[in-house]
Amino acid sequence: MSNTLLPALYNTMRRIRTFEERVSELFIKGESAGTMLHLSIGEELGPACVGTAMKNNDTFTTHHRGHGIFIARGGNPDKMLAEIAGKKDGYCKGKGGSMHIADMKLGHLGANAIVGGGIPTVVGAAMSYKYLKEERVSVAFFGDGAMQQGILYESMNMAALWKLPVVFCCINNQYGMGTKIEDAVGIKDFSKRAKSFGLNTLHINDLDVEDAYYKSKEIIESARKFQPGFIEVECYRFFGHARMDKSPYRKESEEKEKRKLDPISYAKSKLIKNNILNENEIDKIDNNIMNEMDNAMEFALKSPLNDEKEIFKDVYSKNDPMPVSVHEKIKKILSN
Amino acid sequence: MSNTLLPALYNTMRRIRTFEERVSELFIKGESAGTMLHLSIGEELGPACVGTAMKNNDTFTTHHRGHGIFIARGGNPDKMLAEIAGKKDGYCKGKGGSMHIADMKLGHLGANAIVGGGIPTVVGAAMSYKYLKEERVSVAFFGDGAMQQGILYESMNMAALWKLPVVFCCINNQYGMGTKIEDAVGIKDFSKRAKSFGLNTLHINDLDVEDAYYKSKEIIESARKFQPGFIEVECYRFFGHARMDKSPYRKESEEKEKRKLDPISYAKSKLIKNNILNENEIDKIDNNIMNEMDNAMEFALKSPLNDEKEIFKDVYSKNDPMPVSVHEKIKKILSN
Amino acid sequence: MSDLKKNYFDKITYRDALRLAMHDAMLEDKKIIIMGEDIAKYGGAYGATKDLLNLFGNERVIDTPISESAIVGAALGAAMSGLRPIAELMYVDFFGMSMDQIANQLAKIRYMFGGQISAPMVLRAQGGTGRSGGAQHSQSLESWIMHTPGLYLTMPAKPNDAYHLLRHALKIDNPTIFIEHKLLYNTSGFLDKNDPNFLFGKANVLREGKDISIISYSRMTNFAENAADQLNKENISVEVIDLRTLNPLDRETIIKSVKKTKRALVISESYYTSSVPSEITSIIFENCFKILKKPVIRYTAEDTPVPVAPNLEKNYIPTIEKIVEYSKKLCN
Amino acid sequence: MSDLKKNYFDKITYRDALRLAMHDAMLEDKKIIIMGEDIAKYGGAYGATKDLLNLFGNERVIDTPISESAIVGAALGAAMSGLRPIAELMYVDFFGMSMDQIANQLAKIRYMFGGQISAPMVLRAQGGTGRSGGAQHSQSLESWIMHTPGLYLTMPAKPNDAYHLLRHALKIDNPTIFIEHKLLYNTSGFLDKNDPNFLFGKANVLREGKDISIISYSRMTNFAENAADQLNKENISVEVIDLRTLNPLDRETIIKSVKKTKRALVISESYYTSSVPSEITSIIFENCFKILKKPVIRYTAEDTPVPVAPNLEKNYIPTIEKIVEYSKKLCN
Ligand SMILES: Cc1ncc(C[n+]2csc(CCOP(=O)(O)OP(=O)(O)O)c2C)c(N)n1
Ligand SMILES: Cc1ncc(C[n+]2csc(CCOP(=O)(O)OP(=O)(O)O)c2C)c(N)n1
Ligand SMILES: [Mg+2]
Ligand SMILES: [Mg+2]
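Chains as they are written, first to last, in numbering that gives the first Met the number 0: chain A, 0 to 335; chain V, 0 to 335; chain B, 0 to 331; chain F, 0 to 331.
No lab work stands behind these hints, which were simulated from the structure alone.
Careful: at least some of the hints might be erroneous.
Claimed, not checked - Capping the alpha-carbon separation at 27 Å, the derived lysine-lysine pairs in DSS-like fashion look like this:
no., chain 1, residue 1, chain 2, residue 2
1, F, K201, B, K258
2, B, K292, F, K232
3, F, K30, B, K258
4, A, K267, A, K28
5, F, K201, A, K317
6, V, K104, B, K30
Said to hold, decoys possible - Over 12 Å on every C-beta distance to chain B, these chain A residues come out as not near it, computed from the model:
no., residue
7, T3
8, I27
9, T34
10, K54
11, K87
12, K94
13, K162
14, T178
15, N204
16, D207
17, F238
18, K255
19, E309
20, F311
21, V325
22, N335
Claimed, not checked - Have a look at the derived ranges for each label pair, beta carbon to beta carbon:
no., chain 1, residue 1, chain 2, residue 2, range
23, V, M103, B, K5, 27 to 33 Å
24, F, V204, V, H326, 24 to 30 Å
25, V, K308, A, D306, 55 to 61 Å
26, A, L131, V, K104, 28 to 34 Å
27, B, I290, A, D306, 39 to 45 Å
28, A, K216, V, I186, 51 to 57 Å
29, V, K104, B, K5, 55 to 61 Å
30, A, K187, F, G81, 53 to 59 Å
31, B, K292, F, E320, 50 to 56 Å
32, F, E320, V, L304, 16 to 22 Å
33, A, I186, F, D194, 55 to 61 Å
Virtual Cβ for every residue (Gly too), placed ideally from N, Cα, C.
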C-alpha cells in the first residue's frame, strides 16, 4: 500500500464532486446549454478507482453521466465546462454539450447520449489495439440502464470470442431515470450475466475506493492480457436524474439514508484514521480544488459563442465541401 | 409412459422430413419462389418434442428455418407448400413465402426472416395472455445465430421481470450459415446465459425425442405458471444453409459422421426395440406421409398465381384505401 | 382529471390533451395498455402520461426496461394477441435502436402474412430541437417513417388535433407512429371533444389566403401561423395548411390550395434532403406545374447533425423571420 | 486473383470488381480490415469477399457473430482507433438492426465531437428485389441513408464504378455507405484501373441525348440504358445519367442535362414516397422549373412491402417496357 494512492483517489473524487457542483451552478445561472445535465455526485468511487487503474494510453467511452469519469482520466475542467455551456472553447466547440464530451488526445472516445450507444466502440478500439499490437485497454462506462440494451450483450460476446482487451464497467446507481433497478431487471446479479458470456467479473459494493482500485486494476490488467472483463460498481445517485428532476418517485428518507454512503466522506475518514493526511491538509486539497473549479467556471463563462458558420463544419472531412445551407439553396432556386 | 406418444413423435418427425424433401423437390423443379429455402432436415427432434409439448391454444414464432416447427404444430402442408411456391392458396397468398409463413388460427404468429426478429413478439403475446387471464404460453423458436442478437436478451429480461408465460427455444444446429458456433460465441453454454437472466433452463443434447418431450413439457408448464423458460436443442443441420449452399466450409467427413445422429432413425429403433411398432407398421406410416406430401405437392403446383392487384392489398386495413399504384400516380401527373 | 366531460376552450395544454386522450380511450377500451420507459411512476419524460398509473394501475400502465427494440417488439406481439398497446419511445432519435421492429416487423406483418393479422397499436415518440439536446436527442425523423409503407404517421401541432388524432389512432387497425414535439407540450389551445370538423387524414386549413400557401406540420405550423399574421399586416394573404397526418397524406388539400395561391412554401424541422419536405415539394410541382408562379420553396433544418450550442441550434431550424422573408420573395 | 495488374475490358463481373477493389486496397493499406457475417470462410452471401481470407488471413478478414448493431459499432470503434474497416451487412434490410450505430453514431461522431475525430470506414450492404426474398430481404433503403447527414452514399451500377467507388471510399475520411445490388453481382462490364474519367461524386452520363433525361442509379441504370436503346430506334434521343453516388449528389450534371432535354424521368427501385427519387424530382423542378416541357416523372417501386411471389415481384419495381412507355409519353 502506498501513502500517495488514497490521497490521489480522494483528490479525484473531490474534484469530480466539486466539478459537478459547478455544473449545477452553471445551470442555475442559466448559462448551461440546456438542462440535460446528469451529475455523478455520489457516484465518484467508480470513476476514481477504475479511471485511476487505467494506464495512460488506455481509452474509454462513457454514458450521458460521464463528467466524473473524464475528470478521473485527466479531462480539463475549463474545456469541459465550456462545452457544457455550449461555448467555442469547449472540447467539441460547444456542438456536443454535456452528453458528447470527447477528447481523443486523452483517450476519451466520447460520451454518448444513447443508452448503450458507446459500448461497441470499445470493442472496435480493442480490435484495433490487438491488430496493431498496442498494449492498450479500452473501457466502456455505462449505467445500469444499459444492462437492458441488447447491444451490450452483442459486444460482450464479441469481446469474449475475440479475446479483446476490453473492460465493460457498469456504474449501477440503482436508478434509470425514475425507475428503480428492481423494476427494470428480472435478476440483479449482473456479474452472472457477464460471466455467462465469458468475462472476468468484479462486483464493487462498498465504500473503500482504495480497495476497489486494487481490484479494478486486476481486471484491467487481465484485459490487457486478452481476458476481457466486467466491473459493476454499485453506488447511489444522490440527486435527480437530470437537473430538472426532483426525484418525486423515491422517498426522501431513502435519499437521506443512502446519501450517508458517501465514498468521499469514507475516504476522508480513512485518510485521517490512517494518519495519511490530517483535516487541515484535506481542507487545503479541497480549497485548491475549489479554486481550480472557480477558474474553470470563469473560463466557461468568458468563452465566446460560436460563429454561425460552425453549424456546417465537421459534418464531412476538411477535404470535402461543407453542406450547402438551406438559405443558399433557396437563394439559388429563387434566382433561377 | 404411453404407447401412443413415441409413434406420434415419430410421425411428426417423419412428416417434417418428408415435407422438407418436397420443398427441395419444388426448388429443383424450379417451382419454388426463390432459393431462400431453409430446410430442417436433421433438426426434427426439437420441433417435435417442444411442438408436441405445447397445448392447443399456445402460440409461437419461428425463425427462417421454421417449416418443421409449424408441421409439428399442425400446419397444413398444402397451404405451406403453396406459400413456398408463391401461390395464391398459400398461407399468406404467396406474399410471404417460406420465411414468412404464419397462421393465426393455429397460433403461428409468424416465421421471420430477420434473425431474432420474432423473439419479442412472444413477450408481447404473453403480456396479453397474462393481462387477459388466458392460460396460454407463447414460444419463440430461433437458431443459435439469434443467441448473438441483442434483442434476445432484452426479451429474456422482460420475460423474467414480468414473469411472463414465455419459452425461448433455441434450435442449435451448430452453424449460422457457414460459421460454426465455436467461431460465433465466446462461451457455448447458452443455458448459463438464460439462467443469468432468470429463466428456467433445459439443455437437450441427445436423440431420444420421448425423453426430450417430457423435459420440454416441464419447462412449458412452468412457463404457464409464470416462470419463463429457455430450451436449447442441440442438433445438426444435415444439409446446406439454404438450397444453393453446398457447405464447402465444412468437411464431408464431419457431415457423414454427424448425419448418423439422426433422431428419426433413433426413434424408429426405439419403437421396434420396445415393441411398440414393427418395421411394417412404420413403413405404413412413412407411406401415408409420402402420400400426404405428394398431395400437398400437387396442390401447390396446381394453385393459381396471384392477381397483380394483390401487390396493393394488406398494406393497410380493409377499411382504409389501398396504396395508389405508381402507375396511377404517373397517369394523373401526365394528365395534368 | 376530474373534469373529464368538460370541453376546453383556449385553455388545455398539448400535454394535457394527450393525457386526456389516453385517459378517455383507456376508459372506453380495456384492451388499451401503455408501456414505455418511465411512463408510469415518472409520468413520462415530458409528463404526457402523468397520473395514468394511479388511475389505471400497473397492469395497464407499464414502466419498461431501457430496451427500445423489445419495447416495440413486445407491443407488436401484444397488438397481435388481443390488446391495443400504446408504446412510447422517449425520443424519436431512438427509432435507431428499434428500427427493425418498427420498419421490418410492425410495418410489414399484415402484408407478409397475407392480411391474416394486423397490429393495432400506437407508437408515441417525441422529436424536434429547442432544448439543446444535441445530435442524438433533437432530430425530426418522420422522413424515415413516411418512407416505410404500412405505417400511419401523425404529427399534431395543436391540442385539439393531438387529442383527436390519438383517439382515432386508438380505434383503427393500422399501426400508427404518433410524433409529438418537445416544445409543444406546454403550448395551449382549445379542445372540442366533439369537434365536428375533425377528420383523420385531412389536413387543416388554419388560415385561408390567396397569395401563398405555407404548408407544414408539428411545431412549424405555429411558426407558419405567426409568419402569416405578420405577412397579413403587409397585405400578403397567406393560406396556412397544417398537414396533421403525413400518412395518409392529404394531397388534395395541398394541391387545391396551391392551385389557388399559385405559390408554395413548405416548412419542416427535418433534414432537407430525401425527406418529407422533398415529397411535398414534388407533389406540388407535379400537380401544379403549369400554374405555379414561382418555384416551390422547401425551408427546413440544415443537412447537418443538430448542434448543442443554443445560438447555433436556433438558426439551425427555420425561423419565423426567414419564413416571412421567403414568403415575401415568393410573392414578389 | 493472379492477374492483378491486368485491366479488364468487357469481361469482369461486378462481383469480381468489388473483390478486386478490396484486394488491391488491402495490399496497399494494411489498416484495412474486413468484417461481417460469413464474409471470410463462406466468402460472403453473394461471393464478393471470396478468397480474401486465404490471401489476407483471419486477422484482417473476420467472420463476425450475427450482431449487426455491434458489427457497425465495432467497425466504428476500430475506425476511430487507427484502422480502416470495411464492414458488411448481408442485406440493407438489416439497417434496421443497426440504425442507431449507423445514423446516431457513425454519421455523427465527427460533428458531435467538434471535428476531433473521423470514422474512415466503408459499410457495404446489398439490396434490391429479384430473388423472391420477400419484404425483409429485398428492400432499397438508400433513402434513409441519404436523409442522414454525415454519411456518404454510393450505389454503383457498373463493375468499373464498383471498383473505383470502393477504392476511393477506402481512401477518404468520411464514412461511406456502399450499397450493391443482389442482381448485379453476375453482370459484367469493363474495368479500367486507370480510368481517367472516373471522378468520385460525379454522375456518369452513359448516353448523351437531347429529348429526355433518364436519371437513375444501381440496377435501374441498366434498365434505363436498355430502354434508351429501344427509344433510340424510335428516334427518341435519351440522355442516360447514372448518379453513382447519392451523397455527394451531382446536382450540376442532373440540372445541366435537364436544361438541355427539358424532360426528365427519375427511375429507382426504392419506395416512392419521401425518398431519393422525391429528392431528385424536387431538385429538377426547383432548378429547371421554367424550361421544363413536361412534369418530371418519378418511376419507382410501389409503396408497399415487397411481395415474394415472383409474378408480383416483377411488376412491383419499374420495368423496361414501362420506362419506354413513360418516356414516350413525356416526349409527346
Ligand atoms: C437508447 C436510449 N433510451 C433512452 C434514453 C433516455 N434516457 C436517458 S438517461 C436514461 C436513464 C439511464 O439510466 P442508467 O443507464 O442507469 O444511467 P444513469 O442515468 O442512472 O446514470 C434514459 C432512459 C436514452 N438516452 N437512450
Ligand atoms: C438480422 C439478420 N442478420 C443476418 C441474416 C442472414 N442470415 C439468414 S439465416 C442466417 C444464419 C442464421 O443462423 P441460425 O440463427 O443459427 O439459424 P440456422 O440457419 O442455423 O437455422 C443468417 C446470417 C438475417 N436473415 N437476419
Ligand atoms: Mg442508473
Ligand atoms: Mg444455426
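Verification of the hints:
About 37 Å separates the Cα atoms of K201 (chain F) and K258 (chain B), which puts this hinted pair outside 27 Å; it is violated. Distance hint between K292 (chain B) and K232 (chain F) is unfulfilled; the C-alpha atoms sit about 38 Å from each other, more than 27 Å. Among the hinted pairs, K30 (chain F) with K258 (chain B) is inconsistent with the structure: their alpha-carbon atoms are about 58 Å apart, more than 27 Å. Note on K267 (chain A) and K28 (chain A): the hinted pairing is violated, with a Cα-Cα distance of about 31 Å set against a maximum of 27 Å.
Between K201 (chain F) and K317 (chain A) the alpha-carbon distance is near 19 Å, which keeps this suggested pair within the 27 Å criterion. Between K104 (chain V) and K30 (chain B), the direct Cα distance comes to roughly 20 Å. Compliance with the 27 Å bound is thereby established for this hinted pair. Listed as outside the interface, T3 (chain A) is consistent with that label: its C-beta sits roughly 38 Å from the nearest C-beta of chain B, beyond the 12 Å cut-off. Under the 12 Å C-beta cut-off, the non-interface status given to I27 (chain A) relative to chain B holds; the minimum distance is some 16 Å.
T34 (chain A), annotated as away from the interface, has a beta carbon of chain B within 12 Å; the closest lies near 7 Å. The non-interface label for K54 (chain A) is consistent with chain B: the shortest C-beta to C-beta separation is roughly 30 Å, beyond 12 Å. Not every C-beta of chain B lies more than 12 Å from that of K87 (chain A), the closest at about 8 Å, which undercuts listing it as non-interface. Residue placement check: K94 (chain A) does not keep its beta carbon more than 12 Å from all beta carbons of chain B (closest about 4 Å).
Every CB of chain B lies more than 12 Å from the CB of K162 (chain A), the least distance being 28 Å, so the non-interface label holds. Its beta-carbon lying about 5 Å from the closest one in chain B, T178 (chain A) breaks the requirement of being farther than 12 Å from that chain. Distance to chain B confirms N204 (chain A) as a non-interface residue, since its nearest Cβ pair spans about 22 Å, more than 12 Å. Every CB of chain B lies more than 12 Å from the CB of D207 (chain A), the least distance being 30 Å, so the non-interface label holds.
Distance check for F238 (chain A) against chain B: the nearest CB is about 15 Å away, which clears 12 Å, and the non-interface claim stands. Look at K255 (chain A): its CB is around 20 Å from the nearest CB on chain B, clear of 12 Å, so calling it non-interface holds up. A beta-carbon of chain B is positioned within 12 Å of the beta-carbon of E309 (chain A); the least distance is around 6 Å. At the 12 Å boundary, the C-beta of F311 (chain A) falls inside the reach of chain B, the nearest C-beta of that chain being 6 Å off.
Annotated as non-interface, V325 (chain A) brings its C-beta within 12 Å of a C-beta of chain B; the closest such distance is 6 Å. The non-interface label for N335 (chain A) is inconsistent with chain B: the shortest C-beta to C-beta separation is roughly 6 Å, within 12 Å. A hinted range of 27 to 33 Å for the beta carbons of M103 (chain V) and K5 (chain B) is inconsistent with their spacing of about 41 Å. Judged by the Cβ atoms, the range 24 to 30 Å given for V204 (chain F) and H326 (chain V) holds: they are separated by roughly 28 Å.
About 57 Å separates the C-beta atoms of K308 (chain V) and D306 (chain A), a value consistent with the hinted range of 55 to 61 Å. The hinted range of 28 to 34 Å is not satisfied by L131 (chain A) and K104 (chain V), whose Cβ atoms lie roughly 58 Å apart. Our hint of 39 to 45 Å for I290 (chain B) and D306 (chain A) holds, since their Cβ atoms are close to 42 Å apart. At about 25 Å, the CB distance of K216 (chain A) to I186 (chain V) disagrees with the hint of 51 to 57 Å.
Remark: the range hint 55 to 61 Å for K104 (chain V) to K5 (chain B) is contradicted by a beta-carbon distance near 45 Å. For the pair K187 (chain A) and G81 (chain F), the supplied restraint of 53 to 59 Å is violated, since their beta-carbon distance comes to about 38 Å. The hinted range of 50 to 56 Å is not satisfied by K292 (chain B) and E320 (chain F), whose Cβ atoms lie roughly 37 Å apart. Between E320 (chain F) and L304 (chain V) the beta carbon distance is about 19 Å. The supplied range of 16 to 22 Å therefore holds.
Evaluation of the 55 to 61 Å hint for I186 (chain A) and D194 (chain F) yields a pass: the beta carbon distance comes to about 59 Å.
Consistency note: the structure conflicts with the earlier hints numbered 1, 2, 3, 4, 9, 11, 12, 14, 19, 20, 21, 22, 23, 26, 28, 29, 30, 31.
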